[in-house]
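2 protein chains.
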Amino acid sequence: MTANSVDAAVGFVRENRARFVEELKALLRIPSISTLPEHAGDVRRAAEFVAAELRCIGMENVRLVETSTAKHPGGHPLVYADWLHAAGKPTVLCYGHYDVQPPDPLDEWKSLPFEPEERDGNIYARGAVDDKGQMWMHVKALEALMAAGGGKLPVNVRVIVEGEEEVGGEGIAAFVREHGDQLKADVALVSDTEMFAPELPTLCVGLRGMIYTEIEARGARTDLHSGMYGGAAPNPFVALAEVIAKLKDADGTILIPGFYDNVKKPTDAELKAWKALPFDEEHYRETEVGSVSLTGEPGYSVLERTWARPTLDVHGMPGGFTGAGAKTVIPARALAKVSMRLVPDMTPAEAFAKYKSYVESICPKGIVLEVRLIHSGDPIVVSTDNAYVRAATGAMREVFGTETVFVRGGGSIPIVGDFERELKTPTVMMGFGLPDDNLHAPNEKFHLANFYRGIESIVRFLASMGA
Amino acid sequence: MTANSVDAAVGFVRENRARFVEELKALLRIPSISTLPEHAGDVRRAAEFVAAELRCIGMENVRLVETSTAKHPGGHPLVYADWLHAAGKPTVLCYGHYDVQPPDPLDEWKSLPFEPEERDGNIYARGAVDDKGQMWMHVKALEALMAAGGGKLPVNVRVIVEGEEEVGGEGIAAFVREHGDQLKADVALVSDTEMFAPELPTLCVGLRGMIYTEIEARGARTDLHSGMYGGAAPNPFVALAEVIAKLKDADGTILIPGFYDNVKKPTDAELKAWKALPFDEEHYRETEVGSVSLTGEPGYSVLERTWARPTLDVHGMPGGFTGAGAKTVIPARALAKVSMRLVPDMTPAEAFAKYKSYVESICPKGIVLEVRLIHSGDPIVVSTDNAYVRAATGAMREVFGTETVFVRGGGSIPIVGDFERELKTPTVMMGFGLPDDNLHAPNEKFHLANFYRGIESIVRFLASMGA
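In order, the protein sequence lines correspond to chains A and B. Take the first sequence: its letters are residues 1 to 467, numbered as in the working numbering. Take the second sequence: its letters are residues 1001 to 1467, numbered as in the working numbering.
Bear in mind the hints are in silico, worked out from the structure with no lab data behind them. Owing to the predicted nature of the structure, the values given are computational and were not obtained by experimental measurement. Check before you lean on any hint, since a few could be wrong.
Stated by the list, open to error - Straight-line C-alpha distance at most 20 Å; calculated EDC-like pairs for lysine to aspartate or glutamate:
| id | chain 1 | residue 1 | chain 2 | residue 2 |
| --- | --- | --- | --- | --- |
| 1 | B | Lys1365 | A | Glu286 |
| 2 | B | Lys1365 | A | Glu297 |
| 3 | B | Lys1354 | B | Asp1249 |
| 4 | B | Lys1246 | A | Asp249 |
Make a model of the complete structure from these sequences and hints.
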């Protein structure tokens, strides 16, 4: 692709910004919440929306790939597309997801989660940045390149967009395992991460893995009156509290025996680079977290704790009486939703086994515990020394006018590990979110300037790969 | 009242059993759940239903007494009635409540909670025994006495029926404090307790008090992604677990400093009588509780633990993600609903102060805790050596053919303390529930044979008081 063509593609992006945003809004209006069965129809609608657009911009072999099986009922479809006519050029696999997290708590949203609203240069909606907005950058970059190239792309491209990223990605994992040849590529491009700071182009080169679990505690056969039975009947919430209090100490050190055994220390070079990043812990506490103090293992910086150390959180404790006022019930059972973030070289299977065995060993009196794995993902660290990473940093240098920093992410994108393990395909994680984008929280947003710069960066990255 | 008239009243009860049950069903169909604001209209309907029936059977001065005030908004009405023409005879204050507990978890009910169903000689519905069914015994006993007495009762009677028993009874407490003269009586009759065993007539002579509280834990300003912030942001559920785990030890001994200071040991005579009761701990564990083992303070029997020892329970932990599947959120806040049962000579004020101060002293890092009192009630022990108790045991001997046992109850009926303290009126707690009636739980029921025997016992009790 000539420099002129690249400029033409970038020009196309700039001329069509307003339309791109309107299209994104239409996608954001679809409440494709993958974890809630009642939204299964919306999830499929979002898949069809993405497929229709891929067809419209000139991608080929566009189709929905069903993922529902007997073992994985209720699976949401993948969207696949390709354009494979750039003979002799590399193949890029563009990955994204069209599903979103539930929007609750609803009352903390300033505008409705599925009624996108522009305010102060941002677009607010569930999924704005995670990941509909970032996935849409891929689609729009491809459209611009097609337009500037007279219906041709500078590289071979496969697109795979999933609808289960927020629920563990079981469908795409199976597809990668069983039909990996259909996703054969030299490099995967994933835009589901964030920039370290505004104006600072960022590549994510490591991700934590995770195990998401439920502990169910059962006591009495049926709910009991706490007046009549208090003092004799086991209380599942008290039991879960006892268990949870034994999972971490007051500092946040995880007490599961052997849990840290396989934790790999980041390299000295990484630690040095992280120290050089513009990070102000007090500013982070005040503006991002907003708590009276931060927590976590002593002796590790915030970046180490959130990028390179395993952690454990409780997300909710369903059961019993949760309405307003009072109900004096000893519930027959209660649940705790507990997840752990994992780092290299931990494995989900080993972490879960150690956790389950420990939880069972501390089961309180009168209680029966059941520990269930809901989903899991491997931790990963990717190489930074290859042509793809150089193409990415070059593209972003053009757009941002500054050098790219390498960071890790605390979250999990299990598919990156699958690409590496199953397809032997390295991944470039080029994300354009911001730290205050309220991912998974009320008032999720995407900074529109980054939406535009993201599309331009991807245009330049793909053009450079095909140069 | 002559023996003939008593027989006539009892005959009236026997002839009208089926009608009494149908009327009770109509009352049970009204979902008068006092803790849920959306049912305020239903609560009032239940009050009007009771008032209409009291008018119909010949009671006088029937009226709803509003309890809603600026300080107590949304208060539910009291139903008052009297018949005061038995010159020279004692006055009996009949107390009951027409409000009920929420029915959840709904999916564990075999028939709908507000569609009463007769099965195996029981009537199943929320409120069947607590307390609509037992309150209806009072109304029907009065009707029978009126019918047999040609429109006259053998004693003076006041009726007060409240709609806030399940939410702390603030309205009736204020009414007793401010308008106690309108409830002036020699003895109060309360039927909101149970028989120790089938066929064993029982008077309850002691009740535990309670404080019902909420602990709110706040961490980050908004919900955060556990991948990005896990390891730095405080987790309110983990914090609440830590706090709860420090409230009781593994055996169930409460760890709040000074909490047991004012606990009064039952008399040796009481302890001896309790040991003589037909109680099989293994049978109780298996059939009533249904857990793998019982819990509670070592060194105390089940009856001591549930009647004469303070206890602490957690009823629910609202907040965070409680849907199916996974949401990787660190919620900004979480709640724990925690109540404590109190015994003589503890006071709610002192217990709450000690609890609050202790909880605040163990507040985990990064978390702000707020401890709120939702409602409270005093513990009580009533005298057994008076004419009213003798009249009650005599009445039940007639009906059941056996001697009455004296027990305590683990639950709380705060109004009994108010009657004693504010009105100097002793209470006879003559209840006809059974231990397996599923009070406050799914499949609440009332054994119809006890409904009938309860009405007859009350007929005989009132007749004997007026002899």
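Each hint tested on the structure:
no.: 1; hint: B:Lys1365 x A:Glu286; result: holds, 15 Å
no.: 2; hint: B:Lys1365 x A:Glu297; result: holds, 12 Å
no.: 3; hint: B:Lys1354 x B:Asp1249; result: holds, 17 Å
no.: 4; hint: B:Lys1246 x A:Asp249; result: holds, 13 Å
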